[in-house]
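Chains H and F supply the protein sequences, listed in that same order. Counted the way my numbering counts, the first sequence spans residues 1 to 318. Counted the way my numbering counts, the second sequence spans residues 1 to 521.
In case anyone wonders, no lab produced these hints; they're calculated from the structure. None of the values given here were measured: they were computed from a predicted structure. Take these hints with a grain of salt, some might be off.
Have a look at the derived ranges for each label pair, beta carbon to beta carbon [claimed, not checked]: (1) H:T129 with F:A263: 41 to 51 Å; (2) H:L58 with F:G357: 23 to 33 Å; (3) F:A291 with H:L156: 50 to 60 Å; (4) H:L156 with F:N131: 45 to 55 Å.
For glycine and all other residues, C-beta sits at the position ideal for the given N, C-alpha and C.
Below are the chains, spelled out letter by letter.
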Amino acid sequence: MHAVLKMVVQRVALGVLTLLVVSALVFISVEFLPGDVAEQILGQSATPETLAALRDQLGLNTPPVERYFDWLGGILQGDFGQSVISQRPITELLAQRLGNTLSLALLATLISVPLAVGLGILAALKRNTWVDRTINIGTLTAISFPEYFVAYGLILVFSVKLGWFPSISIVSGTVTFAERIHLTLLPSLTLTMIVTAHMMRMTRASIINLLALPYVEMARLKGASQRRVVVVHALPNAIAPIVNVIALNIAYMIAGVVIVEVVFVYPGLGQLLVDSVAKRDVTVVQAACLIFASAFIIFNLVADVISIVSNPRLLHRK
Amino acid sequence: MTTPLPKAGSVNRRGVLLGGAAVGAAVLTGMPNKLYAATPQKGGLLRVAVAQGGSSDTLDPTTFSGSQQIFIGWTLRNNLTEIGSDGALKPELAESWSSDDAQTWVFNLRKGVEFHNGKSLTADDVIASLNMHRGEDSKSGAKSLLASVESIVSEGEHAVKITLTGKNADFPFILSDYHFNICPENPDGSVDVSGTGTGGYILEEFNPGVRTRVRRNPNYWKANSAHFDEGEIILINDPTAATNALVTGAVHAIESSEYKTLALLGRRPNIQVESVPGGFHGTFAMNSAAAPFNNNDLRLAMKYAIDRQAIVDTVLKGHGVVANDHPVSPSMPYHDASIEQRAYDPDKAKFHLKKAGHDSLTMQLSVSDGLYAGATDAVTLYREHAGPSGLDIQVVREPGDGYWSDVWMKKPLFSGSWGPRPVPDMILTTAYASSADWNEGAFSNARFDELLLAARGELDEAKRGEMYGEMQRILSDEGGSIIPFFRSYVYGRNTSIAHSGQLGSDWPLDGHRAMERWWTA
Numbered sequence: 001m002h003a004v005l006k007m008v009v010q011r012v013a014l015g016v017l018t019l020l021v022v023s024a025l026v027f028i029s030v031e032f033l034p035g036d037v038a039e040q041i042l043g044q045s046a047t048p049e050t051l052a053a054l055r056d057q058l059g060l061n062t063p064p065v066e067r068y069f070d071w072l073g074g075i076l077q078g079d080f081g082q083s084v085i086s087q088r089p090i091t092e093l094l095a096q097r098l099g100n101t102l103s104l105a106l107l108a109t110l111i112s113v114p115l116a117v118g119l120g121i122l123a124a125l126k127r128n129t130w131v132d133r134t135i136n137i138g139t140l141t142a143i144s145f146p147e148y149f150v151a152y153g154l155i156l157v158f159s160v161k162l163g164w165f166p167s168i169s170i171v172s173g174t175v176t177f178a179e180r181i182h183l184t185l186l187p188s189l190t191l192t193m194i195v196t197a198h199m200m201r202m203t204r205a206s207i208i209n210l211l212a213l214p215y216v217e218m219a220r221l222k223g224a225s226q227r228r229v230v231v232v233h234a235l236p237n238a239i240a241p242i243v244n245v246i247a248l249n250i251a252y253m254i255a256g257v258v259i260v261e262v263v264f265v266y267p268g269l270g271q272l273l274v275d276s277v278a279k280r281d282v283t284v285v286q287a288a289c290l291i292f293a294s295a296f297i298i299f300n301l302v303a304d305v306i307s308i309v310s311n312p313r314l315l316h317r318k
Numbered sequence: 001m002t003t004p005l006p007k008a009g010s011v012n013r014r015g016v017l018l019g020g021a022a023v024g025a026a027v028l029t030g031m032p033n034k035l036y037a038a039t040p041q042k043g044g045l046l047r048v049a050v051a052q053g054g055s056s057d058t059l060d061p062t063t064f065s066g067s068q069q070i071f072i073g074w075t076l077r078n079n080l081t082e083i084g085s086d087g088a089l090k091p092e093l094a095e096s097w098s099s100d101d102a103q104t105w106v107f108n109l110r111k112g113v114e115f116h117n118g119k120s121l122t123a124d125d126v127i128a129s130l131n132m133h134r135g136e137d138s139k140s141g142a143k144s145l146l147a148s149v150e151s152i153v154s155e156g157e158h159a160v161k162i163t164l165t166g167k168n169a170d171f172p173f174i175l176s177d178y179h180f181n182i183c184p185e186n187p188d189g190s191v192d193v194s195g196t197g198t199g200g201y202i203l204e205e206f207n208p209g210v211r212t213r214v215r216r217n218p219n220y221w222k223a224n225s226a227h228f229d230e231g232e233i234i235l236i237n238d239p240t241a242a243t244n245a246l247v248t249g250a251v252h253a254i255e256s257s258e259y260k261t262l263a264l265l266g267r268r269p270n271i272q273v274e275s276v277p278g279g280f281h282g283t284f285a286m287n288s289a290a291a292p293f294n295n296n297d298l299r300l301a302m303k304y305a306i307d308r309q310a311i312v313d314t315v316l317k318g319h320g321v322v323a324n325d326h327p328v329s330p331s332m333p334y335h336d337a338s339i340e341q342r343a344y345d346p347d348k349a350k351f352h353l354k355k356a357g358h359d360s361l362t363m364q365l366s367v368s369d370g371l372y373a374g375a376t377d378a379v380t381l382y383r384e385h386a387g388p389s390g391l392d393i394q395v396v397r398e399p400g401d402g403y404w405s406d407v408w409m410k411k412p413l414f415s416g417s418w419g420p421r422p423v424p425d426m427i428l429t430t431a432y433a434s435s436a437d438w439n440e441g442a443f444s445n446a447r448f449d450e451l452l453l454a455a456r457g458e459l460d461e462a463k464r465g466e467m468y469g470e471m472q473r474i475l476s477d478e479g480g481s482i483i484p485f486f487r488s489y490v491y492g493r494n495t496s497i498a499h500s501g502q503l504g505s506d507w508p509l510d511g512h513r514a515m516e517r518w519w520t521a
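One chain only, chain H, in its complex shape (with noise of 0.2 Å):
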């Protein structure tokens, strides 16, 4: 276990530097967008005089490196600061909405994760019958559309015709759980169609490759079932590639859902985010991207552990 703690505390490390990368590449990309906040915020009403007063009470007159650098002390100090803009603190305005962002993906995770995961044993178990044919062109199918096209499908179907679910999913602090997931559903099923294919296709090609090796030969030649040979002997050595595809799409499921929230006007991390950056309130599009860089960082590095742990011959490569 020595050497699983030792590779956490330097991949926690390098998270930690490749936060601090992409906090500067996200501030320097937010300076270049044309046109600064009090340019934003005043739009076509805007006079040189107030530009200088709104500058002025932004604080946008010191230079960016300064201001970079006040936010940077910040946050080393666990503090967001506040938003450029509407002077709310940060971490009561991300609260929330990560909060509404996490329930989603993980809404989506527990529908789509077994159901790639069991497509993808079937697919292998019925290589090449119709099963796996269907199987395939379906989820394929469904990764092939737009996520909006997905959406609007869903829409259409189950909310304008069936009237079963909202269009829209607006969650606030006062649902109960039985009322968010009836609102989140939809939205849910959008990214589980989107998510499926890439999950099942890797659940699928790695147990057909283990099928194909020898210690998996003398399982079936001792007698054992398909089911038996897949499950118990082919899978626990499948999920170090599995679990990495998972963690990939769970980390997209948080950071890639801006579409989706849009279309189901759901109030979560990403439409904040286009918000941010149409405004340029660069402090929240600051905080929003960390915690989506920190997603796929934490993802990645749990993925890791646990294709480490399911496989003991990676803790000793040399």
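Assemble chain F onto chain H, guided by the hints.
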């Protein structure tokens, strides 16, 4: 002939200046409605989807710009004056006003009005609320509207005296602007912009960019108003998502409908599409201070080379009327209907182009779809219309992001858009006076400036009408902006919600006052 003000009783010099005498714009009627409830009834919930705004929006009126802020502002608060559903100026927190010379104005405040926190409305609140927009360090988008204000002082607890640096017979109209919400003054002299107001609803939850919840103010001073028990204002930027929400009944009204799907939307039995003629207009502005557009013949060529009716029919799907290169819409007072409508005439365009010294001319016209739905389509059509005359207009699509700061008034030829104003002076002073900050066509005409100043202080209606008529003519013939159309406000409403049958034309959603004007059918 200039259209004079509609007679509200007798409009004379005194009548114009006395508050409450309805100095009105033309009466506008909405489309026939599928459902009428004769008498408003109390109760129910109104859930409205607005389309502009974000999560960083605050309730500070100096920062107001999009519909989320404007709608919530008028749900929670009142102004001194109000543009009614019929387009006329009405007393709101000022119960009357008067001026002898159009330069010194006294506004008498309504007595017994209380803010949501129980504080009584006094002159101090009004002065503090207006002063937020004034002064050296003001960052308010409405700063220029009050630039002519010299002083604001109280005359007792319930009257405010406002002195201007020059005459302005329209001053009470200016105070109806959405920036001039009246908020309570804090004991330390600052203004409480947290959402406490005198309006029909009390703020329950403010979650900008997502949802704002309000409940009825049981103590509302305005009679026969604010009928819903509760209200919700939801921000839906995406037009398709908004349409879905209306169709599935998740919201009762949406601010904008896409023109392309309107006809289909209106076919649903429980949905009424409202189309309210108004003064919103798009412009194609030419920098008339520099070559090549400093030649009026070229500007005329550009004006003759556009088929306005085709743009109204194709881009607006008929929800608008053609305009005549000046911003005074048919629904505004002093609109001069006698000015001949400029028609699409490629030959005349060619003639003027030749006179300007060109056989053909290539130019780039910047546009962004963020200006209004169909802006790029309008420019593309214009390109097709102008081609035969030798005007080669290249369409340059700019990102909506940063359009106002980097493209608008920076390029020689660009698209713009303007919201409606209740009176001509407000738009002419803002965008056509040679000294105006937002003079997008860089237009400069001494006679025009002189007329503008004179008309602003003129108390004789007939003379004033003539002056505005002449200004419209000057802009139409020489102005730096091509104005092809006035667009109607189009929005959708569930028929379970009713209104008086007359809808405000100053903003969508009944002048953004649906929360207090509409009721559950």
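Here is how each hint holds up against the structure:
1. H:T129 with F:A263: 41 to 51 Å: holds, 49 Å
2. H:L58 with F:G357: 23 to 33 Å: violated, 48 Å
3. F:A291 with H:L156: 50 to 60 Å: Roughly 54 Å apart at Cβ, these two residues keep to the hinted range, so it holds.
4. H:L156 with F:N131: 45 to 55 Å: holds, 53 Å
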